Amino acid sequence: MRQDACYGDILDDVISGLKKISFGEIIITIHDSRVVQVEHREKKRFSKQQKGDCAHRAQQKEESG
Numbered sequence: 011m012r013q014d015a016c017y018g019d020i021l022d023d024v025i026s027g028l029k030k031i032s033f034g035e036i037i038i039t040i041h042d043s044r045v046v047q048v049e050h051r052e053k054k055r056f057s058k059q060q061k062g063d064c065a066h067r068a069q070q071k072e073e074s075g
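Residue numbering for the sequence shown follows our numbering, beginning at 11 and increasing consecutively.
Simulated from the structure, these hints should not be mistaken for laboratory data. Please read these numbers as outputs of a predicted model, since none were measured by experiment. Accuracy of the hints is not assured; some may be wrong.
As the list claims (entries may be wrong) - With a Cα cut of at most 27 Å, we get these calculated BS3-like pairs of lysine-lysine:
no., residue 1, residue 2
1, K29, K54
2, K53, K30
3, K29, K53
Turn these sequences into a full structure, and let the hints guide you.
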């Protein structure tokens with residue numbers, strides 16, 4: 011029964027990650043048929059249309075001469 015409680019904690023962590031991350035990965039590491047690690051990786055991408063990012067500023071600089 012204790013093992014089921016442990017899986018509940020793992021599932022809670024995975025669900026929490028799903029709610030927080032818009033783009034990215036949740037990696038579940040398993041050793042000897044047991045979950046030993048859960049990683050949350052969030053990806054953020056920036057388009058050149060966003061004001062203030064480096065690509066946008068470089069483009070403006072080129073256009074202004």
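Hints versus structure:
1. At most 27 Å may separate the alpha-carbon atoms for a hinted pair to count; K29 and K54 meet this at roughly 16 Å.
2. A distance of roughly 12 Å separates the Cα atoms of K53 and K30; the hinted pair therefore holds under the 27 Å criterion.
3. Taken as a hint, the K29 and K53 pair is honoured in the structure, with Cα atoms around 14 Å apart against an allowance of 27 Å.
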